[in-house]
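Just so you know, this note's numbering puts 28 at position 28 of the sequence shown, and the rest follows in order with no gaps.
I should point out that these hints are in silico values taken from the structure, not numbers from a laboratory.
Idealized CB from N, CA, C, for every residue including glycine.
Please note that a few of the clues may not be correct.
Label pairs and their in silico Cβ distance ranges [said to hold, decoys possible]: (1) G122 x T39: 31 to 41 angstroms; (2) P171 x N300: 15 to 25 angstroms; (3) E166 x E116: 49 to 59 angstroms; (4) K152 x T39: 48 to 58 angstroms; (5) A119 x D81: 18 to 28 angstroms; (6) E178 x E116: 50 to 60 angstroms; (7) S329 x G232: 49 to 59 angstroms; (8) E178 x T290: 23 to 33 angstroms; (9) P171 x A13: 52 to 62 angstroms; (10) K234 x H201: 28 to 38 angstroms; (11) A13 x Q199: 36 to 46 angstroms; (12) E169 x Y212: 40 to 50 angstroms; (13) T54 x I170: 46 to 56 angstroms.
Distance condition first, Cα-Cα at most 30 angstroms in a straight line; then the derived DSS-like pairs of lysine-lysine [unchecked claim]: (14) K152 x K126; (15) K56 x K6; (16) K23 x K222; (17) K23 x K112; (18) K20 x K222; (19) K269 x K285.
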Amino acid sequence: MNSINKYNFRSFAGKSDFPKMAKLIQDISVAGDTQVWVTAEDVERDYEHLVNSTPKTDMLMVEDQQGNLVAYVRVGWEIDDEKRQVFSFPFNIHPAESNIELHGHLLGWVEKRSVEVAAETGASDKQVLRAFLANIEKEALREAALQAQGFKPVRYMNRMTRDLNEPIEIPPLPEGLEVRPVPETHYRTVMNGLDEAFQDHWGHSPFREENYQSFISSPMFKPSLWQVAWDGDKVAAGILNMVDEEANKQFNIKRGMTDPIFTRRPWRKRGLARALLMRSLQMFKDMGMTEAMLGVDTQNPSGAFVLYESCGFRPVQRSVIFEKDITPSSK
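From just these sequences and the hints, can you work out the full model?
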């Protein structure tokens, strides 16, 4: 019988925890078939740029009786487009230790700590917890645990792939626009364009300096792969393509990521996203890739899901975002 008492709960120990955390994420990825691969260096890099999260006080680590890390959660928050203080949390539990008692205990800790942080910061008069299920078909236990704690599904996402052996037809760019390389001096300009374009997307939070530094320090940051459309000296749209070489190696795949995709408001409804996407597919095919992947909000107001389907992408994995209102007056 499962029992919380068989686990050791402790605080974050610092850098020595990064290899353990990476191994746990790898085991979860293999079991859940998410084809995500994270190294200790990746974890350390991410933790160098955390915003509104202090690991020493905002993390709970879980070890088994042999001292192996079997789970951890970390509370962090941001203000979303509805001015809510949204508490998100990595919720990593080893498949061999996945039981309803441990899920419930960790979710209870996350809520308690989030309420404390909300009181300490006074950042908003509305607070919610937000949980992400990467592969709903394989996470029935976690879904049940979230629902038992009062979480409700609020948004559905899809990972979609595109076979690069299928025909790729590249439409012309709208008149007056051109695709050209992005010099280093304009990296931030492109990111600002993405941030602006995403302001009318659900759940958007402003792109902060820490987010930018984390992005450009990633080994997947390859501006030479970007497809950016310019209108004179103005960024009109872009796809910040990347290749996760480590995941490709670990899972024996040849995949390019056509994500994120954005079009700024003045240049929408002109076929820009389709043109840039098809150019990206051809680029990846020329590089020897066999498939492309992206993620999409199925309720995207710009009709992105339909666009991607028309470009040959097909859904392969369904994800769900759950939320729970923890505003004091709502409890």
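Taking the hints in turn, this is what the structure says about them:
1. At about 37 angstroms, the beta-carbon gap between G122 and T39 stays in the expected band of 31 to 41 angstroms.
2. Judged by the Cβ atoms, the range 15 to 25 angstroms given for P171 and N300 holds: they are separated by roughly 21 angstroms.
3. A C-beta distance of roughly 52 angstroms is found between E166 and E116, which places it inside the suggested range of 49 to 59 angstroms.
4. For K152 and T39, the Cβ-Cβ distance of about 34 angstroms falls outside the hinted range of 48 to 58 angstroms, so the restraint is violated.
5. At roughly 23 angstroms, the beta-carbon separation of A119 and D81 lies within the given 18 to 28 angstroms, and the hint holds.
6. Checking the proposed 50 to 60 angstroms range against E178 and E116 shows it holds: the Cβ atoms sit about 52 angstroms from each other.
7. Judged by the Cβ atoms, the range 49 to 59 angstroms given for S329 and G232 holds: they are separated by roughly 50 angstroms.
8. Against the hinted window of 23 to 33 angstroms, the Cβ-Cβ separation of E178 and T290 comes to about 29 angstroms, which satisfies the hint.
9. Taking the beta carbon of each, P171 and A13 are about 53 angstroms apart, inside 52 to 62 angstroms as hinted.
10. For K234 paired with H201, a C-beta distance near 21 angstroms fails the hint of 28 to 38 angstroms.
11. Range check, A13 to Q199: Cβ separation about 39 angstroms, and the 36 to 46 angstroms hint holds.
12. The hinted window of 40 to 50 angstroms between E169 and Y212 is violated, with their beta carbons roughly 35 angstroms apart.
13. For T54 and I170, the Cβ-Cβ distance of about 48 angstroms falls inside the hinted range of 46 to 56 angstroms, so the restraint holds.
14. Between K152 and K126 the CA atoms are separated by roughly 17 angstroms; this keeps the pair inside 30 angstroms, and the hint holds.
15. With a C-alpha separation of about 23 angstroms, the suggested pairing of K56 with K6 holds against the 30 angstroms cut-off.
16. The suggested pairing of K23 with K222 holds, with an alpha-carbon distance near 26 angstroms, which does not exceed 30 angstroms.
17. For the given pair, K23 sits about 27 angstroms from K112 by alpha-carbon distance, which is consistent with the 30 angstroms threshold.
18. At roughly 28 angstroms between alpha-carbon atoms, K20 and K222 fall within 30 angstroms of each other, so this suggested pair holds.
19. For the hint linking K269 to K285, the alpha-carbon distance of about 27 angstroms falls within 30 angstroms, and the restraint holds.
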